Structure formats: C-alpha cells, structure tokens
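**Q** One line per chain: the protein sequences are A and B, in this order.
With UniProt numbering as the guide, the letters of the first sequence map in order to residues 1 to 164.
With UniProt numbering as the guide, the letters of the second sequence map in order to residues 1 to 991.
Just so you know, the hints here were simulated from the structure itself, not pulled from any lab data.
Some hints here could point you the wrong way.
[What the hints assert, rightly or not] Each computed DMTMM-like pair below joins lysine to aspartate or glutamate, with the alpha-carbon atoms no more than 25 Å apart: (1) B:K963 - A:E28; (2) B:K836 - A:E21; (3) B:K969 - A:D35; (4) B:K329 - A:E21; (5) B:K963 - A:D31; (6) A:K140 - A:E154; (7) B:K968 - A:D39; (8) B:K849 - B:D783; (9) B:K968 - A:E154; (10) B:K95 - B:D145; (11) B:K815 - B:E573; (12) B:K968 - A:D139; (13) B:K815 - B:E494.
[Unchecked claim] Cβ-to-Cβ under 7 Å is the rule here; a few derived chain A residues that face chain B: (14) E28; (15) P34; (16) Q71; (17) K75; (18) E86; (19) P113.
Because the structure is a prediction, the values reported are computed rather than measured.
The beta carbon of each residue, even a glycine, is placed where N, CA and C say it ideally should be.
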Amino acid sequence: GPGGGAPLENANPLIYRRSGERPVTAREEDDELPDSIDDREIFDIPETHLIRSINDPEHPLTLEELNVVEQVRVKVNDAESTVAVEFTPTIPHCSMATLIGLSIKVKLIRSLPERFKLDVHITPGTHASEHAVNKQLADKERVAAALENSHLLEVVNQCLSARS
Amino acid sequence: GVKDGSWTVLQLVEALGSCLENTDPRMRGRGIQLLSQVLLQCYSQLQEKEVLHLVLFYESRLQDHHLVIPSVLQGLRALSMCEVLAPGLAVSVLKAIFQEVHVQSLLQLDRHTVYSIITNFMGTREEELKGLGADFTFGFIQVMDGEKDPRNLLVAFQIVRDLIAKNYALGPFVEELFEVTSCYFPIDFTPPPNDPHGIQREDLILSLRAVLASTPQFAEFLLPLLIEKMDSDLQSAKLDSLQTLTACCAIYGQKELQEFLPSLWSSLRREVFQTASEKVEAECLAALHALSACLSRSVLSSDTEDLLDSFLSSILQDCRHHLCEPDMKLVWPSAKLLQAAAGASLRAYHRVTHSVLPLLLEQYTKHPQSSQRRTILEMLLGFLELQQKWGHVEEDESTLLSLHGPVCSVVFSALTDPSVQLQLVGIRALTVLGSLQGFLSPSDLELVVDHLIRLTLHEEDSQSSEAAMETAGSLSPIYPKVFSGRMVPRLEEELQAEREEESSRDHCSLRQRCLQALAAVSTHTSIVRETVPVLLQHLRKVQKGSEAGSTQDLVSVCQSLHRVALQCQQDAESCWYYHQTVVPCLLAMAVQAAMQESTQPLLGKALLEEEVLAAMIPVISAATAHLSPELAAQSVSHVVPLFLDGEVSFLPQNSFPCSFQPFEDGECLEAQRRLVALLMAFVCSLPRNVAVPQQERLLRELLALSCSCNCPFTATTAAKCFAGLVNKHPAGQQLDEILQLAVNRMEPGLAEGPRRTQALTLLLWVTKALVLRYHPLSSHLTDKLLGLLSDAELGPAAADGFSLLMAESQDVLHKGCHADVRIMFRQRFFTDNVPKLVQGFHGAGPDVKANYLKGLSHVLNHLPKPVLVTELPTLLSLLLEALSCSDRVVQLSTLSCLQPLLLEAPQIMSLHVDTLVTKFLSLTSSPTMAVRIAALRCAHALTSLPTTVLLPYKARVIRALAKPLDDKKRLVRKEAVAARGEWFLLGSPGR
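Excised from the complex, chain A in its bound form (with noise of 0.2 Å):
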C-alpha cells in the first residue's frame, strides 16, 4: 500500500536541479496591473506545496527534482479557465501513480480559482497502465470518494504539508 512505512521502491531516484524562487518583476508589484496566471504559476502550486516525497518522509525531494512536474508539461489558459497538467511518474512501474495524480489534483483544487477546469493526466507513455490511472483522475466521483477515504486523505495531506 501507499503508506508511509512502504519499502522503498525507487531507492536512487534521477535528481534534477531545482530552478529556484521564482523572482518578483516590478511589474508584479504594481498595485494596478493586473498579472495574468501563467504555467510557471500553475507548476510552482505543486512544487512549493506537495513536499515529503510520496513514499519516504526521510527523502524529501520535490516533484520537480524528481521531474515528476516540469514546466513545460504545465499548460494554462488564463482567458479560457483552464489548466492542463502532465505528471511523470518516477518508474514507469511506479505504483504511486494514482497517489502522486491525485495529490496533484486535490492541490490544485484546493488553490484555483473555480473557474477553473482542472485535468491532470500521465505524460503519454511513462507509465504501464497510463489510461487507467488517467480514468480515476478524470472521474470526479471517483476523486470526491477518495477524498472521503480517511486513510488515503491522510496520505495525500502528508504529502500537501509544507515544506519544513
């Protein structure tokens, strides 16, 4: 199972270099202008707030390092309310995918604005049952229920708490 004492399935995971804060223009801080919601705003929701690695409270790596979320997999239209996010999973075996997806998800749920229309789904061929784990994600209900689930809600709070 997805919990916290899981052995660890991908020991030595590839390490990739975090891109740093992202700096604040002067523009930003212009109380007038307003600043449209970009990808690299959408990107850092996950990578500042979904911290403890998924399986390994003591590795805590950040999605990014992982190259579970990149930027470029992060697509956004302000205008249209929408947000499309692909997500890598760390194997293509990884059983945790449903687990990374859905907390992926429910950050972003609980940090868009609700005009947004949310779709998170697997990097086309990076994982062995991709189309599955890309239905639950879709499936509202589904997602609803498991944010029911007191154990799998625990899991995927561990996962949103922030980086300490």
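Following the hints, position chain B against chain A.
**A** Here is chain B on its own, set in the frame of chain A:
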C-alpha cells in the same frame, strides 16, 4: 557564630556531639546536615588541623545509614573547597567515596555533589590525583556508569574531557572510559516543556562530542560506531556522526584512520549519492574534506605508505566516470565529493585535478549541447575556485598551468555561446582565471577585456551584461593598466558618439550601460583618474543638451558617480582626488545653473530639479564622509564661505553673471536657495571632529530659511541641514542657545499662520536629531509632536512624522555620515512615548483617533522583532481596534505587528480568534495589494493557533479564501494558495 570567629568548628562539633552520635539515623542526619551547612558557609576560614579532623570524621560517616549520606557528601564538598586541605587527604576522600558509596543509587542532586567534589579536587589537587594512577580513572568510571540525568551528564562529560586533556593515566581503562561515555551516542534527548534547567539537546551533543573527539586513543572504538550510525534511519544521528567524524579528523593521524578508510569512504559516498537532504550532503562533504586534510598533514615515518594517494585513488575511481555523464543524476554528487577531497590540501588538489581537469576539458568538447556544457563548465569552475585558495599558480606542478590553452579556449567559447546560462558560467570562470596570479598572459588579458566590453555593451541579455560588468569590476584592480588603457577609452567613445537615432531606446540603454561600466571598473586610483573626468564631462554634456528625458540621464550619471565615490572611500589618495575633482565641479555647475535661471528660464534648468539634486546629495556625501580631518577642514573652509558670503573663487569656472547669495531675501534667489541641498550633503557628512567655520551664523541662516521659505523642498532641506549639524554639535551653552532659538521660532509658527507645515517639518527633524543622541530637550519636543496629533490640520502629517523619527534616514542623521546615533534609541522612544500615545488615543475625539494609531504603528513597525513580541500583548486590544481603521498605513503596519505575535504567542491570540478571523478576511479584499498580502499572511499565521480553537472557523475561512485565489495580482494569489492550503489541512488526518 563560626563565620564571625566567635565559635570554632570544634566547639560546634562538641556542641552537636550528642546529636552526631545519636542512634536514630534521622537525628544523626540532621546534626550532620547542620554541620555541613555551616562548613559550606565558612570552609575558607578553617585551620588545617580542623580540616584534618573533619575529613576523618566525614570519611567514617560514609559507611553510615543511607539517610545520612547526602549530608555527608555536602560536608565533603565544602571540605573539597578548602585550600588548607593537607596533602593526601584528597586522595583519601576520593578513595573512600569510590569504595563506600554506590553513586548511581543516590538522588540526582547527591550524584551532582559527588561530581562537584571530583571537579573541585581535579581543579586544585591535580598532582595528588595523578598519583592514584589509573585507579582514579577506574573509580570515576564506576561513579558515572549509568548516569541518566542531563545536568549531571554535562558535568561528567566535562570531567572526562579534563581527564584526557590533562593527561591523567587511563591505563587499561581506555575502552571502559569510551564505553561509559559513548553509550550516550548519538544523543537522544528532548528537553521537557518549560524545562527550568535550560539544557538543550545541542548542549549535550557538543559536550559529548568534545569527549569522543578528544583523543586518538578512542579511534579504534569510535570509528566503527560512527560508521554504523551514519547508516542510521534518523537524520539527526547521521548528522551527529558526520560532525563527530569531522571533529576527530582535527586530532587524528593516518595511523588511527588507516584501517577504516575504505568503510568511511563507502559510507560517505553512499550518503552523498543517495541523500536528498542538503544538510546531510554538506556534512558528508565536510567530513570528506576533513579526512583528506587529516591524511594530507599526517607526519609519516619513513617506512609507511602515504595513504592520501590511495584514498584519493579510490575516490577518483568511484567518481570520475560519473563526470562523463552530464545529464545523469550522479554527476553533481561526484563533482562535489571530488572537490571536497581536493580542497583539503595543495597535494590533494594536484592529485585530483591532474586526473579530472583533462577529463572535463575533453568532455566539454565531446558534448555540443549548451546545457551539458554548462554542467561541465560549472564543475570545472568549482575546481578553478579551489585553486584560488592557494593563490598563485606554482609553475612546476600545476596541472592547471599545463592546461592553460584548452582551459582558456573552453571559457572563451562559453562567452560567445548563444545560451545565456552558459555565458554566465563562462563569465564567472573568467573572474576566477583572472584572479589566479600569473595565469593569464598579456594577450589573454586583452582578449578577456574585449569579451567583457562586448558582453557589457552589446549582449542583449541584461543578466550577462551585468555579470560582465561585475567581473570587470573585480578584475580591474588586479590589472588596472589593461582596463584603463583598453576598456575606459572604448566606453568613453561610446558615450560621446552622436547617433542618428539619438533618442532611440537602444541608444539610451547603451549609454546607461556605459555609465554603469565606467563606475564598475573604477576600482583603482589610476582608473578613477580616467573615469571621473569622463563622467563629469558627460554630466556637462547632458546638462547643456537640455532635452526631454535629460533629468533621467543626469540622475544616471550621478548614480555612477556615487558608486565611484563609494569605491574610493577606502583609499585615502583616491578619496581626496575624487573629492577635489567632483565636489567643486558639481557645485560650480549647480551655481551656474542657478544663476542662469534668473536670465534664461529654460537652459540648464534640469540640474536644479529635485530629483537631480537628490541624486547629487549621496555623491557629495560619500565623497566627504571618509576624508581625513585635515583635508576635510581644508574643504570646509571653501564650501561654507561659498554659501554664506558668495566666495566663488575656489570653483573651477568662477565667472558668474551675478553673486551667489542663497541666504539673502529675494524672489529671484529661489533657484540659488535650492542648492542648500548640496551644502547639506557636504556639511552634514563631515567627520565629527572637523570644526565648521562660522557654525553659529550658518545655523541661524538655516533656521531662518527653514521657517520662512515657501518652497517645501528648500525648507525641508534647510531643516535637515540644521538638524544634521545640531546632532553633532558638542553639548553646552552654545547648543542650548541655538536650540532655544529654534524652539522660539518653531512655536509661534506651529500655532498659527501660513507656514505651519514648515514649522512641523523643522520640529520633526530637530526632534529626530535630539532623540538620536538622547538629548534632554528631545522629550519636550516629542511631547509637542504628540500634542499635534489632535490637531485637525497637522494631525495626519504629525502621525506620519513618527515614521520619520524611527526610520533610518537616507541622507543625513545616519551612522555613515558620522551622526551621533545611540543604538537603543528606538526602544527608549518606545518606552517613553507609547504609553502617552495609548493614553492620547483613548482621550482623543473620533476624527483624530486614527492619527494616534498611525503614530503608534510607525513606532511598533520599527521596533526589533524580539522586543515587539514581548511588548505587544499589552497593546493587543488597541491593535485589534486598529484593524478596523480605514487608513491603509495603519492596517498594514498593524497586520505586520500581529503576524509574528500569532506565531509566537498563540495562546494569548486564541482569546481573540473571532475578531482576528473576521478582520483578516475582510482585509483580504482591500484595494491595496500590500494590505491583501499582509492579511493573507496573517490568515495563514492563524493556523499556528491550537486546532480546536480554529475548527469552528474552518469552513468559513476556506470559503472566504477562494476569492483571493483569483486576485488580479500574482503575489496575492501565492499567499492565498499557501494560506488556504494550510486551512484545508487543519484537523484533517495526516497533517
């Protein structure tokens, strides 16, 4: 009685006689307790004979009933502090304790007494104790074996350290001594909440580490333990092991390490390759560095093999091949390991670079992609930076020197790569290569400078351009000739070039870059002498041009001049050259402009604009503040007469159409009066020991100007100049007179008339000048200011004035210009005036209440955070009221006061949770972005209150925070996401 000498101890013992021999142990105990307490009071007055008898008595009591023992130990502790203790007695006492007392079955306090006795004897009877040989060590081991109390452990660890440090005989008991201490490793201790003893986990860790790492004799036992604990699941245990290993390397030699090197290396490698924790990684690298350093400095006997070589070989063998895979995960950990080992000594450096540098250079050519090249060059840079540590390149052994050609060509190729990221690494590498003495040949240098010029002026990306300027700045003092001969002329040429599209944007930014680069390279006297004239010439050119936008150009030149001034400050020669050249020139140009205005209203006016004058102030100030007193005196003898008497003769161009008399009355002199700003910049930055000629007259003129002038800029400047001088004026009658004069002019001005604002400005600046130096008159002036808070007209400005009083001022009255600033002035102002502000608030009418809140928030906002947190709870109700105030300055500062309080005093804040939630949520829709951000941060900080208090509000807060998720500003959305996320987690499983 014993204390004042009227009784002897023997008399006391006799008097207690029946009690001391009573058959009831309780009674005996009380007798001995009394005697011991007396001894603790007056051990220093005892005679040698008395001590002898007492020692014998107490020793015999050690076999007594267990109820008596604590008092006996107290008595022995008192005796252990006696200076007259006869030789042999210390040993006898300790022997008796070791023999008769089972220390670990005593209570904590009594065990502590035993440690104290031992500590006392070790302090005064070292030789005697050493006479006991290893028996003493063995006795102590038995005493501390099984100790559990952290307070006692700290003392016991200290005793062990002393045993080792002072060379007590450990005999066959080395391993026992190690066992009895190392059993606490790694320390696992969490101080209980509200612990009155204040012992932190860190204290124990450090104390134990000092024991374990105190002798090479422990090495054979300790190293296996450390290797084992490095593999622990607990990060704290890992870190402790690594830090202890590093500490050991400071005293170990090759002999101690030899046997364990392979396992140590494989543990360190495993950790660095696997860990995701930067802390663990950093500690591993530090340990590897320490190991390599230890092996490098070990003195070897002629028949032993140098282990450094084989150790480095195994590191190279395990890491080298990873460097060939710049895309892969292990490339960086490997590079860091190699650099940590190489950085330990020159020998290690040569060994590693000899193998790695050629490989990296080869890899750079093999991988054509910019991103891979960047990784490779960054690694190369890491090794180059290490070389910097040893300064110059030694010709005979340096790998680097032999690779001069390929290294340069790799770095130069990076500089012309289209990828900015690669360029940036190349520029950093250039800085390092340039700082290696003797590495770059003269022709390399010319090429370097040409690259820097190109990147500075023509590289589109501003990051690269800025980095190139920075590098030019750090290399120019090393090679001043190349920069003054090659770069400065090119920059001058660019500045002077008249372009077709004179006002086009590109050209503008090119000029900007030239100005910045000129400032950046002005790091050496010889360069400054080239660049300053270029900058001044450009200033004159822009001023004459009088085109639109020239204000900004003038400001840019001043900014560059300012940077040069700052860079000249440390060098007396440059400093005087700069002052002598720049200050008269700026004054002359300004005087010229001020005169011209009276006849030709448009020409050359830009120089007198507030913005430009404001930019000239820091230039003059920085050029003045670091002058030697003699030179400053010389300069002040010109500048003051210029302003008071129109003495223009020292200015470079001094034929003017009319006379310069800024302090005279007259409509047409308005422009001249503005130049008081430059006078202020100069005269308020002088060192305190430089006398200002005609100071009293000058002060009177400034005072008059500040009260009578209609132009706010001039009036304010005059007030600041007055305040700056008054702050440094020596105390005494003269100062009192001038201050009285100021008060006399201010008071009627404040009361009524057309110039109340000017009078308030003067009041504020003079108050600030006096508050800073704790002058007695400051409280009178502050009270005046407090009184004005209820004034319908001046109230808001007076409230804002509190910010002026508390904040660091930019141009006068700060440390940099030698002002008299007492460090605690803000706390003192807080203590003296906050009660008055609170009282005033309660008594004030509804229309002026906000002024008091605003004043208060300014004071609170500038208070250091720790002081704030301790003082705030008393002001809490007022702050909660301030949240409803409609003034956004009050809102903002109140929110920023409350935020740390939520984090640090959650219990008190819990009482007000309802008000806080309501107010914070309503402020998240403020029209001001900063208020929305602060309100969201507070809403976030609320989550540190106890969960049970918050749960009733959870749904409401989550709903309300949905709105700022769609705020038009990204920075607001970011805070909303963070706050809302935390609220979701409240009370949920898995938080």
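**Q** Out of the numbered hints, which ones does the structure contradict?
**A** 2, 9, 12, 13, 16, 17, 18
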